[in-house]
Amino acid sequence: MKKRIAAIFLVMCSLVMVAAVVYADLKKGYYRQAELGSVRQTVAIELSPDSNYQVSAYPVPGADLAPGDGSQEVRIYCNTCHGLSYITMQPPLPAATWEAEVNKMNKTFGATIPDDSTQKIILYLQAHYTVENRKP
Amino acid sequence: MKVAERCLSRRDLFKSLGAVTSGIVLGRWLEPDAAMAQEPVQTAMESFTGPGANPHWNSVGPYVAEPQKVPLILLTDRPVQLETPRHYFRTTFTPNEAFYVRWHLDGIPNAVDLKDWKLQIEGNVNKPLALGLTELTQKFKPVSVAAVNQCSGNSRSRLQPRVPGGQWGNGAMGNAMWTGVRLRELLDLAGVKGGALQVQFQGLDTGQGPKGLGSSLFLKSLDLGNPVLEECVVAYLMNGEPLPMLNGFPLRLVVPGYFGTYWVKSLTWIRILNETDENFWMKIGYRVPDMPRGNTTPDDVKAGRVKMVPIERFPVRSFLISPDGGSKIPMGMNIKLRGIAFSGFGRVTRVEVSEDGGKTWLAAQLGEDYGAYSFRSWEASWTAKSQGRHTLAVRATDEKGNSQPDEPVWNPGGYLWNRIERQEIVVGSAS
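Chain order of the listed sequences is A and B. Here the first sequence stands for residues -13 to 122, numbered as in our numbering. Here the second sequence stands for residues 516 to 946, numbered as in our numbering.
Please keep in mind that the hints were generated in silico from the structure rather than gathered at the bench. Even glycine gets a Cβ: it sits at the ideal position worked out from N, Cα and C. The reader is advised that the hints may include incorrect statements.
[To be verified] For the chain A half of the interface with chain B, some residues (derived, Cβ under 10 Å), not all of them:
#, residue
1, 27
2, 36
3, 37
4, 39
5, 46
6, 49
7, 50
8, 62
9, 75
10, 78
11, 89
12, 91
13, 117
14, 119
15, 122
[To be verified] In silico lysine-lysine, DSBU-like type, Cα no more than 30 Å apart, as pairs:
#, chain 1, residue 1, chain 2, residue 2
16, A, 90, B, 915
17, A, 14, B, 708
18, B, 798, B, 642
19, B, 726, A, 93
20, A, 106, B, 817
21, A, 90, B, 798
22, B, 822, A, 90
23, B, 726, B, 633
24, B, 851, A, 106
25, B, 900, B, 915
26, B, 633, A, 13
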């Protein structure tokens, strides 16, 4: 009997101690592993006191395009005038809006995307970037 | 802390309590991910928002470090479009290195050689001019104006239904003290000839598109009879420093009260036109319905019932900058609410805050007045009297009597959003 009481007492003490350790750890010294950020500090470029005012190249992190039929055409033609983040930044858009956007590139902005590639690009955007099919 | 690690067997505890507890601590170092699985972690922002409205104050892109800039929120990398994070609006003047960036064409200058660069004033003038930076800074009396530059599409990600375009949160705006030469002085020196209608502005940026199209040049024009011309400045200083390349070094047009689209960067040509500018960026782009607030519906647009006109001045807006909702506020603590307000139609005369989501309003204290076109800072004290989720709201009124409405705006370009802003604040128990 005495042994059992001692055992229960020890269990209760230990539970309090474990709980105390867990609580203490959340209040400070709480770390987690994280991905290395994409924003590295950059070294200032060399400056010379002449009349030329120059900055370094503008970084292009690019965009994570959905894989699929037509993505190659997007990389070739859309990328001529603008980066592909112009696509991935958009909210999910109706299929008709994507068609209008691609047609605007040809008709209003003078892009010379061949007809079959224009069609492939429209179908690609409609297959991956509408409310029905946009993936995170 | 994994549940399994908490459910220690009685036998383990009998063996050695000390060893068990230190083992748990050690285990957390060795396997941080497993040990932390149930604790709050910082989750990366989603990569896009929609089809609903963007629920965040800023847009959701990653941070990027561009030349002469602190890390800003990336919308697009080529051409560069960057949004200013909310906390940089704690000051009335937005730091140059945090100022938002919006270019239209991918041929953005990386270098300008001031030995060759000249501002050219040409077209229908008596005496065409070519002025180097030295002449602009030495031969003309410098003037300064504090003015907000806000992108026409600022807050576009709020619209319902969503529209294509730069999916800005609220950070496509900034306030700076711009110093330079009065546009009027330059126009008078060149001598505008009779019959001229508009003045066109062109920067150094070029696109890949064919000549004559909007994909080749970005051109903006203002009517010669527009009174805003008297307030325009060609600025070579931004907050007392040369402009960052991405904000338009060496010279930028400042059009106080007007949306940023007119503030042509790396301004190099000022051209007097005898006709109305019909280039893409005037005739098709940056147009809004000729309706109160530029408001319309998708159905009216589809039916061709909407008359569109060039966008001009920005409507009155105000923002709560801090607290930003990211931290809990203890109940009963008297805290400061801080923010900014501005209007393209004149001085902000009143800012009001609401602690009940907009049912009742209290006047906030206005900060220093830097002129009609500047950010006006505001401040208010607030004590949360109850635990829970509180919705703060802020609205501003300008000297013309324009006040922020509580209704949304919709137009196909995603322009002119100025609805009352709200911020949820979580108030916790203080004891």
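How the hints compare with the structure:
no.	hint	verdict
1	27	holds, 7 Å
2	36	holds, 8 Å
3	37	holds, 4 Å
4	39	holds, 5 Å
5	46	holds, 5 Å
6	49	holds, 8 Å
7	50	holds, 7 Å
8	62	violated, 13 Å
9	75	holds, 5 Å
10	78	holds, 5 Å
11	89	violated, 13 Å
12	91	holds, 8 Å
13	117	holds, 5 Å
14	119	violated, 12 Å
15	122	holds, 6 Å
16	A:90 x B:915	violated, 39 Å
17	A:14 x B:708	violated, 73 Å
18	B:798 x B:642	holds, 29 Å
19	B:726 x A:93	holds, 14 Å
20	A:106 x B:817	holds, 26 Å
21	A:90 x B:798	holds, 15 Å
22	B:822 x A:90	holds, 20 Å
23	B:726 x B:633	holds, 22 Å
24	B:851 x A:106	violated, 55 Å
25	B:900 x B:915	violated, 35 Å
26	B:633 x A:13	violated, 61 Å
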